[in-house]
Amino acid sequence: MSRIARTAERATRQGDKLLIPYLVAGDPNLSSTLQLMHELVVRGADIIELGIPFSDPSSDGPVIQRGVERALAAGTSLQDVLKLVTAFRQQDNDTPIVLMGYLNPIEIMGYAHFVGAAKSAGVDGVLIVDMPPAESAPLHAQLQAAGIDTIYLVAPTTGLQRATDISAYSSGYLYYVSLKGVTGAALTDYDSVRENIRALRGLTDLPIVIGFGIKDAESARAMGELADGVVIGSALVSKIAELPGTPRQEGPELQRCSAIIGVAREVLNNLK
Amino acid sequence: MSDVKNAAGVERSLGFDGPDSSGHFGPYGGIFVGETLISAVEELAQVYAQLSADESFWQEFDYELKHYVGRPSPLYLAERLTSTCGGANIYLKREDLNHTGAHKVNNTIGQALLAKHMGKTRIIAETGAGQHGVASATVAARLGLECHVYMGAADIVRQAPNVYRMKLLGANVVSVESGSRTLKDAMNEAMRDWASNVDNTYYIIGTVAGPHPYPQLVRDFQCVIGREAKEQSLEQIGRLPDALVACVGGGSNAIGLFHPFLNDDEVAMYGVEAGGLGLETGAHAAPLCAGKPGVLHGNRTYLMTDADGQIMDTHSVSAGLDYPGVGPEHAWLKDLKRVDYVTVTDAEAMAAFHQLTELEGIIPALESSHAVAYGTQLAARMNTGQAIVINLSGRGDKDIETVARLEGIKL
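Protein chains in written order, with the working numbering: chain A, 69 to 340; chain B, 9 to 419.
These are calculated hints, taken from the structure and not from any lab test.
Be a bit skeptical, because a hint or two may be false.
[What the hints assert, rightly or not] If we take Cβ atoms under 8 Å as the criterion, some of the chain A residues that face chain B in the derived model are: (1) Phe122; (2) Asp124; (3) Leu146; (4) Val245; (5) Lys248; (6) Gly249.
[As the list claims (entries may be wrong)] 25 Å max Cα-Cα, derived DMTMM-like pairs, lysine to aspartate or glutamate: (7) A/Lys151 to B/Asp314; (8) B/Lys300 to A/Asp148; (9) B/Lys300 to B/Asp25; (10) A/Lys151 to A/Glu321; (11) B/Lys175 to B/Glu72; (12) A/Lys307 to A/Asp284; (13) B/Lys342 to B/Asp314; (14) B/Lys300 to B/Asp28; (15) A/Lys307 to B/Glu185; (16) B/Lys238 to B/Glu63; (17) B/Lys418 to B/Glu366; (18) A/Lys151 to B/Asp316; (19) A/Lys187 to B/Asp316; (20) A/Lys187 to A/Glu107; (21) A/Lys307 to A/Glu318; (22) B/Lys300 to A/Glu137; (23) B/Lys124 to B/Glu154; (24) B/Lys128 to B/Asp201; (25) B/Lys175 to B/Glu409; (26) B/Lys345 to B/Glu274; (27) B/Lys128 to A/Asp257; (28) A/Lys187 to B/Asp314; (29) A/Lys340 to A/Asp84; (30) B/Lys74 to B/Asp62.
Fair warning: this is a prediction, and the values are worked out from it, not measured in the lab.
Virtual Cβ for every residue (Gly too), placed ideally from N, Cα, C.
Input sequences plus hints: build the corresponding full structure.
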């Protein structure tokens, strides 16, 4: 059983909601990201989505764009991201890591090289925002053979038949995009999320997590009520933006960043 | 050139009828966008398949091109340029004489018709040199549609007259401050806007790139250039030309000229990329000549990308060619060896800009000056009595400040 499946199963058994923070690898530098990852687990993260920096993040809003720019300014490459996962695994062999990013860096590295390196680093899942299922066959097959989950998005604009196909093709969890827009946009239409999640429930046994626009206790609670878990990205990255560029971060600084994850954990635990 | 002909002859049996039903030109093209936009591109593909099979849609398009754009554009024998270069007769396809001053309007007219048929009320576009932004703002003004044009902050400085032109036309010009602050970043921002306003918004992509069906439909709208050139060649030369030359940024004017000739083996084709300061310096915008395949802005194609898969900064004296990718059909035609892709440096383009202006009284856009530069070199190598057609894709009024500045002249 994969780490993600194991984590999801435990959450289901205990009636827990999955809490999934997203941060950009190398923002503001790799050693700080490593510290932050461990800190997030302490604060109650179940799974970590680690962003692969890419020069042209066309699905991301300004907060994550800045995070990516900081990571690239620090020279972070896909190779470095994989090394970071290896380093994380030396202390934590339980928390699933999902790499999230755009296809070009993986395309240039070569699928076989990437999958092999991801596997040996201890990566559990891959989510490529600009690789829809129809274009994914070669990479998907290699990831599957390596036992790495491939996670796809379902959006408010996804029709029912397509959502059915995506669900059947996904493993790990299904990522529902809460709004029509980019990461970090304002989430206002809870009713449409409720309706769409209800429809998705009938299509899949995979855990359904909701991302985009979850930024505080209120939105975490509202989305946590509807789904099996929530992803918090921009709200965390906006705090990371305030960190100094030093290679090592002090405890209070890490805690200021991770506070939002602690808050979300508490809110989600209260839904039990 | 006989090699090109032979290669083309071999490939001919395969045909050049891309894209396939899933939007691919061989290994290139496709649909690489976030899930939120999938339904929008699928709807567009469906609507376009339906409308493009309908004769009355093309009648409407042709009517617009004739009465609003002023087509057909002339095919002009540049006699003084020809006699100065020696060799082949040089013909210019005068897209610079179109309304708004470039070939871009052929496409925006077509896409505006699609937007109208789809009931969209809001138009967005990206622009580099500003020509596509102006052409989009123009059709939006005419149809009374809200229009937002995304433009890199660096390009806004380089192309001030076009920015003002767009504003006069009622468009909102949005300055893009992210990344390299040029065309690629403007395209990222337009895609973000589209995802955020997908219900009421039509995205007019300005070149033969982006997710399927854009490379196909933009090409189809631009093919009027090649169809006219073919007819005009038969009329004026009595046969097809021996060679076609066009500049390639994203590649819409080039594909528009080339495509109707692809199955004519005797016609050689040259796509001219921006060599900038020279390929060896790395400061250029020549993905076909110096890049490798990757994925950006919705399609797989040749890109300027570093070893880590980051998109590289490009350089060209011409803002319209300053783009790290290229249309997927060009990537395919390169691999099939049907079109030769070559480069011309900033300095060569500048020299051609002056040469054409002085010899023919035609001020070319700096983009088109790249085609002129290569075309004149090519003509000189060819025989008297042969004929080449250079696509003069746009006029150079927008560039005179840039040229003056580069030459140290204060206006």
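Hints the structure fails to honour: No numbers; nothing is violated.
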